[in-house]
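Visitor: So the chains spell out like this:
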Amino acid sequence: MSGNKSSGVRYGMVIDIDKCTGCTACSVACQQENNVPFREDETNKVRSITWMEIYQLDNGMPYPEYRQAYLPRLCLHCGASPYPPCTFVCPVNATHRDEDTGLVNHIPVRCIGCRYCISACSYHARYFNWWDPKWPKPMEEMLTPNVSPRMRGVVEKCTMCVHRLQLAKDRAFMEGRSELEEGEYVPACVESCPAKAMTFGNLLDPDSEVARLAKSSLAFRLLEKLGTEPKVYYLSSQDWIHKLADKVM
Amino acid sequence: MDSALIPEGVKRCSFKAFSLWLLVIFGVIGWGVLGGFMVLWKGLNMTGLNDSFGFGLYITADLAIIALGAGAFFTGFLTYVVGKKELKDIINLAVVVGFICYTGAQLVLLLEIGQPIRGWFSFWHPNVHSMLTEVIFCITCYTIVLTVEYIPLILENRQLDKVPEFHYFSHNLHEIMVVFAATGTFLSFFHQGSLGGLYGVMFARPFAFRTGFFIWPWTFFLFVASAIASGPALTILVCKMVQGVSRKQLVRREAILLLAKVTGYLLTFYLIFKFLDTWWWATQTLPKMGVSFTEVFQGPYGMWLLIAELGVCGVIPATILLIPKAREDDVLLIVACVLDCAGIVINRFVFTIQNLALPVLPFEQVQIYVPTWTEWAPTVGVLAYGALLLSLSYRYLPMFPRERELNPID
Chain V
1 MSGNKSSGVR YGMVIDIDKC TGCTACSVAC QQENNVPFRE DETNKVRSIT WMEIYQLDNG
61 MPYPEYRQAY LPRLCLHCGA SPYPPCTFVC PVNATHRDED TGLVNHIPVR CIGCRYCISA
121 CSYHARYFNW WDPKWPKPME EMLTPNVSPR MRGVVEKCTM CVHRLQLAKD RAFMEGRSEL
181 EEGEYVPACV ESCPAKAMTF GNLLDPDSEV ARLAKSSLAF RLLEKLGTEP KVYYLSSQDW
241 IHKLADKVM
Chain H
1 MDSALIPEGV KRCSFKAFSL WLLVIFGVIG WGVLGGFMVL WKGLNMTGLN DSFGFGLYIT
61 ADLAIIALGA GAFFTGFLTY VVGKKELKDI INLAVVVGFI CYTGAQLVLL LEIGQPIRGW
121 FSFWHPNVHS MLTEVIFCIT CYTIVLTVEY IPLILENRQL DKVPEFHYFS HNLHEIMVVF
181 AATGTFLSFF HQGSLGGLYG VMFARPFAFR TGFFIWPWTF FLFVASAIAS GPALTILVCK
241 MVQGVSRKQL VRREAILLLA KVTGYLLTFY LIFKFLDTWW WATQTLPKMG VSFTEVFQGP
301 YGMWLLIAEL GVCGVIPATI LLIPKAREDD VLLIVACVLD CAGIVINRFV FTIQNLALPV
361 LPFEQVQIYV PTWTEWAPTV GVLAYGALLL SLSYRYLPMF PRERELNPID
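Same order as they appear, the protein sequences are chains V and H. For the first sequence, position 74 matches number 74 in this note's numbering, and the numbering has no gaps at all. For the second sequence, position 126 matches number 126 in this note's numbering, and the numbering has no gaps at all.
Note that these hints are calculated values from the structure, not bench results. On a predicted model such as this, the values are computed, not experimentally measured, just so you know. Cβ coordinates follow ideal geometry from the N, Cα and C atoms, glycine included. Please note that a few of the clues may not be correct.
[As the list claims (entries may be wrong)] Below 16 Å or equal to it, Euclidean Cα-Cα: the simulated EDC-like pairs (lysine to aspartate or glutamate) are:
1. V:K134 with V:E40
2. H:K11 with H:E405
3. H:K240 with H:E254
4. H:K325 with H:E254
5. H:K288 with V:D246
6. V:K169 with V:D100
7. H:K261 with H:E328
8. V:K243 with V:D58
9. V:K215 with V:D205
10. H:K288 with V:E224
11. V:K196 with V:D18
12. V:K247 with H:E364
13. V:K247 with H:E295
14. V:K45 with H:E165
15. H:K42 with V:D132
16. H:K240 with H:E403
17. H:K162 with H:E8
18. V:K134 with V:E42
[As the list claims (entries may be wrong)] Quick list of the computed label-pair ranges, beta carbon to beta carbon:
19. H:G30 with V:P194: 54 to 62 Å
20. H:F275 with V:F38: 35 to 43 Å
21. H:F186 with V:V109: 28 to 36 Å
22. V:K45 with H:T294: 23 to 31 Å
Please take these sequences and the hints and turn them into a complete structure.
Guide: Listed below in structure tokens is the structure:
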């Protein structure tokens, strides 16, 4: 995995597809929390920025065998060793994996916008800022102060709300603690899910809920054959979803 | 009007005709500059690129131009390092073509990055694990080498050569050209390879990923081989074109035929390994990634591209160039060189466009890429820039050392 065992922390997520209703609350919360820019016309889906994409899946069968499900797809913060597909291709070290947390971060102010990382990612989880970010007047006041908006011409992606981790660490430091409690750092998407379909935490902590769920017989990861070692797991009791998730292309 | 600048003992067209030609070239360059300016001003949203196609026409053109520019380093290697003296007839042309290709590619690259003003970050914050870093460093260094190789030719201009300092400087540079030829060969080998490595290391992209040797995927070596198998073909084509336009023989036939013969062997060598690579990829690499060979040919990016690349633009030109009688036929030689160059363009196209058109996630659709005018204009503009540099070099510099001997003026 990502070589961060020494720190004892490897943040990951488990998403229960059987529970997901496709309400997109996670996607909206993510957009709001991370100051993800949007445009008046968002119909061009290959140019709109959606850190948390909700895919609608179906089993391709006619009624009454027809089944459907929703699969939220964020950056899977790949744990592949020695590097995830996106970080080692970056020519300017603008993206890297923090080996203390396992989180794959991106530094927009260093990014030159070559889009090599976008091309290397198999999960289509990275986005380019095709336009200058603009928010309608009243919305500018609602931007999250802890997250810098990205400029035109750079790549961006899900950070697992890493700014929340920093805030949680600061709080713990002020309270004289060196370790974070479970649930003290949670990304916005997990917090907003009304169906409680998302669980976040330290995958290396055997007592954590996320580690327990990740080891469930219902758990699977997207495109395991590629060896990317994602740190986002999915749960489903439906076989067709397991098969679909492992089908490359 | 400009006769004082034209090399002695050679004939050139009238200044009026040349000016008209330059006017056409500047028109095309202007169109390219306008396209480039729009992209720099308004952003890459002016292009046909999107989050599926992070790379598009700019990168395809860059890769193809750089591969075709390999004629400079390889001809230099054969002339100065191997000692094929007959190629001295054509080495200046090869250097000019190489210089055009590399500087042109860098101009396009400036438009390709989203934050061109941060281009220098590649040198300031280099990621040593990235193939792109190697490409950026080697291309920059090699452009400097090509500039050094081009300078003596510029200084040989009739008026510049009258300045003693320039004359001796140029002469001394000529004397140590073997050093630059060897340096160029070394640098070129690595960046041509790194351009292939760029794709081969994408282990989450089944179309591009290749196994390999040590840290280098097989595409690293295949890109080197394909570049040296196609670069000299472009040099031959440009030479034939200049000879056609000027209606003069500028290079001895044996020089062209030697380059054609070497190209034939190199293309055959490349094709053998390319076929082996394709077979291994289809039967081992793809199945291990859960993909069948036929699945990578979808939508408009069908099997026809593979047939066109390796069959029509691979086996056919290799066969022509390998058979002495066939390559001695001017028409067949030109056909073979055009096909060879086209094959390499298709190869760079499939690694860039077809690779990205295929969705890796099963919930995504095959995407189709259509470049906009702001992508075509700078690309065509670079070709016009090449025509400009070539025209100026031919008119004012002794680009072909045998020209006077082959075309005596009564």
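Visitor: State for each hint whether it applies.
Guide: Hints versus structure:
| no. | hint | result |
| --- | --- | --- |
| 1 | V:K134 with V:E40 | holds, 10 Å |
| 2 | H:K11 with H:E405 | holds, 12 Å |
| 3 | H:K240 with H:E254 | holds, 13 Å |
| 4 | H:K325 with H:E254 | holds, 13 Å |
| 5 | H:K288 with V:D246 | holds, 12 Å |
| 6 | V:K169 with V:D100 | holds, 13 Å |
| 7 | H:K261 with H:E328 | holds, 10 Å |
| 8 | V:K243 with V:D58 | holds, 12 Å |
| 9 | V:K215 with V:D205 | holds, 12 Å |
| 10 | H:K288 with V:E224 | holds, 11 Å |
| 11 | V:K196 with V:D18 | holds, 11 Å |
| 12 | V:K247 with H:E364 | holds, 12 Å |
| 13 | V:K247 with H:E295 | holds, 12 Å |
| 14 | V:K45 with H:E165 | violated, 61 Å |
| 15 | H:K42 with V:D132 | holds, 9 Å |
| 16 | H:K240 with H:E403 | holds, 14 Å |
| 17 | H:K162 with H:E8 | holds, 13 Å |
| 18 | V:K134 with V:E42 | holds, 13 Å |
| 19 | H:G30 with V:P194: 54 to 62 Å | holds, 58 Å |
| 20 | H:F275 with V:F38: 35 to 43 Å | violated, 48 Å |
| 21 | H:F186 with V:V109: 28 to 36 Å | holds, 35 Å |
| 22 | V:K45 with H:T294: 23 to 31 Å | holds, 27 Å |
In summary, the numbered hints that this structure violates are 14, 20.
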